[in-house]
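Asks: Sequence order for the protein chains is U and E. Each step along the first sequence adds one to the number in the working numbering, with nothing skipped, and position 18 is 28. Each step along the second sequence adds one to the number in the working numbering, with nothing skipped, and position 334 is 507.
Keep in mind that a hint or two might mislead.
[Claimed, not checked] DSSO-like, lysine-lysine: derived pairs with alpha carbons at most 30 Å apart: (1) E:K522 with U:K130; (2) E:K460 with E:K335; (3) E:K335 with U:K91; (4) E:K420 with E:K558; (5) E:K558 with E:K225; (6) U:K91 with E:K558; (7) E:K420 with E:K274; (8) E:K274 with E:K335; (9) E:K420 with E:K335; (10) U:K91 with U:K130; (11) E:K225 with U:K91; (12) E:K558 with E:K274; (13) E:K460 with E:K274; (14) E:K460 with E:K420; (15) U:K130 with E:K274.
In case anyone wonders, no lab produced these hints; they're calculated from the structure.
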Amino acid sequence: MARRDLISGTFFLLLGGYFVLGALQFPIWDRYGPGAGFFPLVLGMVFMVLCGILLVRVGGGFVRKRQSRSQSQDAPSFVKKGRFALCLGFFLGFYLFFESAGFLITVFVYLLGILLLLGKRSLGVSLLIASVTTVLVYLAFVYALGVQLPLGILRDFFYAFMVR
Amino acid sequence: MLENLLIGFSSSLSLTNLLYCLFGVTVGTAVGVLPGLGPVSSIALLLPFTYKIEVLPAIIMLAGIYYGVQYGGTMTSILVNIPGEASTVVTCIDGYQMARKGRAGAALGIAAFGSFIAGTFGIVVLMLLAPPLAKAALMMGPPEYTALMITGLTLVIYLSSKSMIKSLMMGVLGLLLGTVGMDPVSGQLRFTLGSGALMDGVDLALVAMGLFGLAEALALIGGESSSREMVKSQRLKEILPSREDWKISSLPIARGSVAGFLMGVLPGGGAVMASFISYAMERRFSKSRERFGQGAIEGVAGPESANNAAAVGAFVPLLTLGIPANVVMALLIGAFMIHGVNPGPLLLKDNPALFWGIITSMYIGNFLLLILNVPLIGLFVRILKVPYPILGPIITIFCFIGAYSINHNASGILIVIVFGVVGYLMRYFEYDPAPLVLAIVLGPLMENSLRQSLMLFRGDVSQVIHRPIALVLLGIAGFLLVSPLLSRWLRVGFSKPLIEK
Chain U
11 MARRDLISGT FFLLLGGYFV LGALQFPIWD RYGPGAGFFP LVLGMVFMVL CGILLVRVGG
71 GFVRKRQSRS QSQDAPSFVK KGRFALCLGF FLGFYLFFES AGFLITVFVY LLGILLLLGK
131 RSLGVSLLIA SVTTVLVYLA FVYALGVQLP LGILRDFFYA FMVR
Chain E
174 MLENLLIGFS SSLSLTNLLY CLFGVTVGTA VGVLPGLGPV SSIALLLPFT YKIEVLPAII
234 MLAGIYYGVQ YGGTMTSILV NIPGEASTVV TCIDGYQMAR KGRAGAALGI AAFGSFIAGT
294 FGIVVLMLLA PPLAKAALMM GPPEYTALMI TGLTLVIYLS SKSMIKSLMM GVLGLLLGTV
354 GMDPVSGQLR FTLGSGALMD GVDLALVAMG LFGLAEALAL IGGESSSREM VKSQRLKEIL
414 PSREDWKISS LPIARGSVAG FLMGVLPGGG AVMASFISYA MERRFSKSRE RFGQGAIEGV
474 AGPESANNAA AVGAFVPLLT LGIPANVVMA LLIGAFMIHG VNPGPLLLKD NPALFWGIIT
534 SMYIGNFLLL ILNVPLIGLF VRILKVPYPI LGPIITIFCF IGAYSINHNA SGILIVIVFG
594 VVGYLMRYFE YDPAPLVLAI VLGPLMENSL RQSLMLFRGD VSQVIHRPIA LVLLGIAGFL
654 LVSPLLSRWL RVGFSKPLIE K
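Isolated chain U (complex conformation):
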């Protein structure tokens, strides 16, 4: 626990430093009153003080004694790092290809991949779920709710289809 607090406290201390330095780029006080840098500067400094208190507590051994008793049971374990990385990879892939490849292709490939590799479903079941979900979600969002979704590389095909 102390190690976790040390890591998170240090990270947040640096983040606080970023906000303080960033705030100093803006006027802190002008003739009308507080400037754009005032609020983030004050908050950044308070944040750094709080991080400092957390780190001092870790150093003083407070946290180890107190939190060894109350360690949460539901803190996720990082045992399956490979699965986590793969899942995150799918998320990032979705973001990267969503606009260029379009909704239909991205969602279909994303669902198929994630169901096959992480959901451990058979190819047939994965294909069925991926295709049905992609079409249903597209129809619901575009035609029922009027949400514009990117067609990507299928745009020309769709336009040609609509013109015909």
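Given chain U, work out where chain E should sit, using these hints.
Replies: Just chain E now, kept in the frame of chain U:
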């Protein structure tokens, strides 16, 4: 009063108005279910259509969307841990845990009934006390609002289930994230990292979807398998709240209704802060605080009642003073003005049929929502029967589409992913996301009112002593912050002589 109600019901119970009310609450429920699509965008989209209809059905429909959204947002919060609306973020905490334990029906049921009771309570108070409440709200200036927001945030931090120092850090970090984007006074861009997507600030819907929904999906798809119990087929009677649930939830519903309504009346307060404060209150009043975060039904009943009562409370300044309490109310003013009606002190005098018609339509709308939602609970609960390896990826698709649809830009998806990872790591490092979310909402409001206060005081903070309301609120916040230290000091102070002996 009875005469006024009769005038109102005679207008709102016409077939046309009933149909508009049904349409509004149905659209509201659907919009609330979908993350990313909020009442603002749906009301803004429907506003042009109100040109063609009369003012009463137009307002009835738009108001129906507003309070229907509060109902709809609850479903996804409870079933899949994705808040459909910002005001239902806090419902995720215990509602989702109830669902994991096979009690989704009870959670949805108590949320629906609690919302109905709170909504009805709000309407009755709106009828009786609207003018004096509106005047009282006007007594609050920028210093009082700053103090109120500090107290609200401190209360949530104080009652957090995690370490106080870590919750404080999350509260301050949320306020810092609230400063991202364009400075409202000078127009300067702050902490945007050169990204156009951050110019309008960090969108709360994206943060909430990431911290709660995607973090859960990461934990369940990418991590270990779900420990959620399989939901067995049950009859409607069996999945609804039991007598024991009602006994536990009755006081939280009552407290949530009162607190929510009062928060709704205050400009800027609104449903989000009301739900967080109600949750904090219930933890404070509970004899077994350790149940909170593990599926306590009070943690659903209180906040759900509060956000619905706040939605009704927001109509007080609109109808009596013509002042919008939030963006949705500002859009409703637009709808009034399209038809040449000015909401405000003269509305009741000049157009009683319209005033009372709107109020009575809310009774009907709340009743329609109950009829619409309760029979569907059994159907919604069946969603949980789908194995998570299949349901999880589909949920993430909804998250991503919701994120994309906010600005029609894929950067929204990236922000959700970033906050999903942050949410996942926050669990590992044991940080509470609730103060962070509330602080992101309050950040811009607090900065604005703090700057106004400092201008008002000409930079002299000691001037606050002339503002008794602000002083009392700040005193409460200060006490909450030092009370853990004080209690530890008292414990050590009393136990020391015993140890020495």
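Asks: Checking against the hints above, which ones are violated?
Replies: Numbers 1, 5, 11 - these are the hints that the structure violates, sorted from lowest upward.
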